[in-house]
Amino acid sequence: DQQVKQNSPSLSVQEGRISILNCDYTNSMFDYFLWYKKYPAEGPTFLISISSIKDKNEDGRFTVFLNKSAKHLSLHIVPSQPGDSAVYFCAASGETSGSRLTFGEGTQLTVNP
Amino acid sequence: GAVVSQHPSWVICKSGTSVKIECRSLDFQATTMFWYRQFPKQSLMLMATSNEGSKATYEQGVEKDKFLINHASLTLSTLTVTSAHPEDSSFYICSATTGGAFDNEQFFGPGTRLTVL
Numbered sequence: 006d007q008q009v010k011q012n013s014p015s016l017s018v019q020e021g022r023i024s025i026l027n028c029d030y031t032n033s034m035f036d037y038f039l040w041y042k043k044y045p046a047e048g049p050t051f052l053i054s055i056s057s058i059k060d061k062n063e064d065g066r067f068t069v070f071l072n073k074s075a076k077h078l079s080l081h082i083v084p085s086q087p088g089d090s091a092v093y094f095c096a097a098s099g100e101t102s103g104s105r106l107t108f109g110e111g112t113q114l115t116v117n118p
Numbered sequence: 047g048a049v050v051s052q053h054p055s056w057v058i059c060k061s062g063t064s065v066k067i068e069c070r071s072l073d074f075q076a077t078t079m080f081w082y083r084q085f086p087k088q089s090l091m092l093m094a095t096s097n098e099g100s101k102a103t104y105e106q107g108v109e110k111d112k113f114l115i116n117h118a119s120l121t122l123s124t125l126t127v128t129s130a131h132p133e134d135s136s137f138y139i140c141s142a143t144t145g146g147a148f149d150n151e152q153f154f155g156p157g158t159r160l161t162v163l
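Protein chains in written order, with the working numbering: chain A, 6 to 118; chain B, 47 to 163.
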């Protein structure tokens, strides 16, 4: 039972354009969502997060949008840079400190120069 | 800050042997550490949650007698894969939480590539 789904295994965009990565979840108890970036043979690095009391959170080139009614979140990267090429995972949790994360399958983003 | 290391970064072993992987929080005390496994082109799957000084909580389907977890201090957790078999070959990643301001944020180690021949 995949509670967090990233339906696009890959995405290719041109440098300077917007990258939009999508994530859907089924568990209505999730109240905190995170995006991680991962390079091959490395651990994920935290990018940005959003709690369920918000619908948008912005940090530099990265913006995460949350649509609770649709159980959908998205990560926007603008402008996209070749260095953004990596696998992006969305993750969700439903508890407070030390909570378990449920990850999506990941989306491979390729930004072409 | 919030750096997590893993050792070794990769290991190759023969079937039937045991392998220990260390996870350390270098500049903070980790109240909770997590162990994940990732197969190629798949998601990170949580294996177990460990808190310092107590027994680990294993996810459904993960054999606790095969994957031994010891969280002996606030900066060190170890995962021992006992009697490893080729199907245990995977990328093992640990993470840690500070339990502070970033309550829900986990800091990940670089991972350990295990190959069982």
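Everything labelled a hint here was simulated from the structure, so no lab data went into it. Don't be surprised by glycine CBs; every beta carbon is placed ideally from N, CA and C. Don't take every hint at face value.
Unchecked claim - Below, in silico cross-link-like pairs of lysine-lysine (BS3-like), each with a Cα-Cα straight-line distance of 25 Å or less:
id, chain 1, residue 1, chain 2, residue 2
1, A, K76, A, K10
2, A, K73, A, K59
3, A, K10, B, K87
4, B, K60, B, K110
5, A, K42, B, K87
6, A, K61, A, K42
7, B, K66, B, K110
8, B, K66, A, K43
9, A, K61, A, K76
10, B, K87, B, K101
11, A, K59, A, K42
12, B, K87, A, K43
To be verified - Distance windows between CB atoms, simulated:
id, chain 1, residue 1, chain 2, residue 2, range
13, A, K10, B, K112, 26 to 32 Å
14, B, S64, A, K61, 30 to 36 Å
15, B, R159, A, Q19, 41 to 47 Å
16, A, R22, B, A118, 48 to 54 Å
17, B, S100, A, E20, 29 to 35 Å
18, B, E109, A, E63, 31 to 37 Å
19, B, E109, A, G65, 28 to 34 Å
20, A, V83, B, Q106, 23 to 29 Å
21, B, K87, A, T50, 36 to 42 Å
22, B, A118, A, S79, 40 to 46 Å
23, B, T126, A, I58, 28 to 34 Å
24, A, V83, B, L163, 43 to 49 Å
Structure-based check of all given hints:
no.	hint	result
1	A/K76 x A/K10	11 Å, holds
2	A/K73 x A/K59	9 Å, holds
3	A/K10 x B/K87	14 Å, holds
4	B/K60 x B/K110	21 Å, holds
5	A/K42 x B/K87	14 Å, holds
6	A/K61 x A/K42	19 Å, holds
7	B/K66 x B/K110	14 Å, holds
8	B/K66 x A/K43	24 Å, holds
9	A/K61 x A/K76	14 Å, holds
10	B/K87 x B/K101	31 Å, violated
11	A/K59 x A/K42	22 Å, holds
12	B/K87 x A/K43	12 Å, holds
13	A/K10 x B/K112: 26 to 32 Å	29 Å, holds
14	B/S64 x A/K61: 30 to 36 Å	48 Å, violated
15	B/R159 x A/Q19: 41 to 47 Å	33 Å, violated
16	A/R22 x B/A118: 48 to 54 Å	49 Å, holds
17	B/S100 x A/E20: 29 to 35 Å	49 Å, violated
18	B/E109 x A/E63: 31 to 37 Å	43 Å, violated
19	B/E109 x A/G65: 28 to 34 Å	43 Å, violated
20	A/V83 x B/Q106: 23 to 29 Å	40 Å, violated
21	B/K87 x A/T50: 36 to 42 Å	19 Å, violated
22	B/A118 x A/S79: 40 to 46 Å	41 Å, holds
23	B/T126 x A/I58: 28 to 34 Å	41 Å, violated
24	A/V83 x B/L163: 43 to 49 Å	46 Å, holds
Going through the hint list in order, the structure does not satisfy hints 10, 14, 15, 17, 18, 19, 20, 21 and 23.
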